[in-house]
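Chemist: One-letter residues, chain by chain:
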Amino acid sequence: MKKILFIEDESALQKTFGELLRQEGYEVVSALDGEIGLKLVKEKNPDLVLLDLILPKVNGFDVLKKIKEDKETKNIPVIVLTNLEEIEDVNKVIELGATTYLVKANYSLTELLEKIKKTLE
Amino acid sequence: MKIKEIFSQLNIISQCKKYGLSLWQCPQFLFFIMGIFIIGSTLIVYAIGVRYVEDPQIVALIVILATVVLFIISVIITRSFERLAEANRMKSEFVSVVSHQLRSPLSNLRWAIELIMSGRLGKIEDKQLEYFKILKENSNRMKELVSDLLTVSRIETARIPLKIEKCSLEETIKQLIKEFEPLAKASNVKIIFKPQKNLPKILVDISQIKLVIENLLDNAIRYIEEAGEVKIELAKQDNNLLFQIKDNGVGIPRGDQKHIFQKFFRSGNIMKNQTQGTGLGLYIARAIIENLGGKIGFKSQEGVGSTFWFTLPIK
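Residue numbers (this note's numbering), protein chains in the order written: chain Y, 1 to 121; chain S, 1001 to 1315.
Hint data in this document are derived by calculation from the structure and do not stem from the laboratory.
Values in this document were obtained by computation on a predicted structure and should not be read as measured data.
Check before you lean on any hint, since a few could be wrong.
[Unchecked claim] On the chain S side, residues computed to face chain Y include the following (Cβ under 7 Å): (1) N1108; (2) W1111; (3) A1235; (4) N1239.
Heads up, the beta-carbon is just placed ideally off N, CA and C, and yes, glycines get one too.
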């Protein structure tokens, strides 16, 4: 069973998207802030990280940077899932090594699921 | 009507109230004071000049004094313009922040509705499904509005990000027509596309051009009352590509035509038939086309139909 770490401070989103992912047969680990997220990346060694950018304690940019700096975690694909869509943010995230950048407002749940499946293949 | 408009322009105090500025910060009022002052000081200088012709020093002194006062007033006027510009900038920023803040709860809402409607959380009755459809449609409408508002605030702060690439407008249009086919069918509208042969590719940000064509196509279909036809043409004209979209819809009343590209403007005859629409589509379309070095315009007759066109330079 593939393991997904979902770093997102919106509990409503954790609930809906987490539910969908669990139904699709993934193991979902939730983190409600960047600090816990970083801790869980090391502890749980997930197959994929879903990362929001605006997060309490440690923001998503820093979380991504730390994941990619660490030898143990740098090969884990990271999908950034956010509502920021300024071109500077997109460029920064891609430069830091994210696999994909998805703007929440532009996707439905099913479309997101497809993207995740594709990344995990 | 015209005379009435001129008189309302002259009512400075109510104009200043409209902007929410005090009299001493209001450009109209300050200009008025400055005008009075110029006339007054000219008369005084004239009167004194006539009386003291022998002593030009006094006249010179008065002229210098008047100049200083005029200078001070103009500095205050400039400052008041700055305040207006600042207020406008803050308003754009406010719209941007609010729209961003609205996005998260809206995503939560849309996704929760999607999950329920997918039946993954348990079977839903047909009757319930009808109401969930209403929720879905309206949350999508809100999403569109928020995304339009964000585009507008980007335009106003000159932050439209452009991803310029070579692309075929013809292919894009074909693709969009396919996407609009269900709406067209439901509205009894036939879409006809006639591109010229061997059109060159152009350098544009295709996602932005899509936004423009989507807006024009959506308008053309929506404002056809019962059944009708939307004709799209694409041709080369000098060094430009010319896109034209013609409908036989309700048309735009003559009096409304000059306002049609203004932000939040919606034509009177449209408001009667349509509740949807934000009044932002054409404003966004014009900003995008002009930003890419093109031109946009239209011809329209109420009850007959409208033709909207834009050009984009072939580089």
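Chemist: Now tell me, hint by hint, if it's right for this structure.
Modeler: Here is what the structure says about each hint:
About 4 Å separates the beta-carbon of N1108 (chain S) from the nearest beta-carbon of chain Y, less than 7 Å, and the hint is met. Contact between W1111 (chain S) and chain Y, as hinted, is supported at the beta carbon level, the nearest pair being about 5 Å apart and thus within 7 Å. Hint status for A1235 (chain S): violated, given a least beta-carbon distance of 32 Å to chain Y, over 7 Å. Taking 7 Å as the C-beta contact cut-off toward chain Y, the hint placing N1239 (chain S) at the interface is violated, the least distance being around 29 Å.
Of the hints listed earlier, those the structure fails to meet are numbers 3, 4, in rising order.
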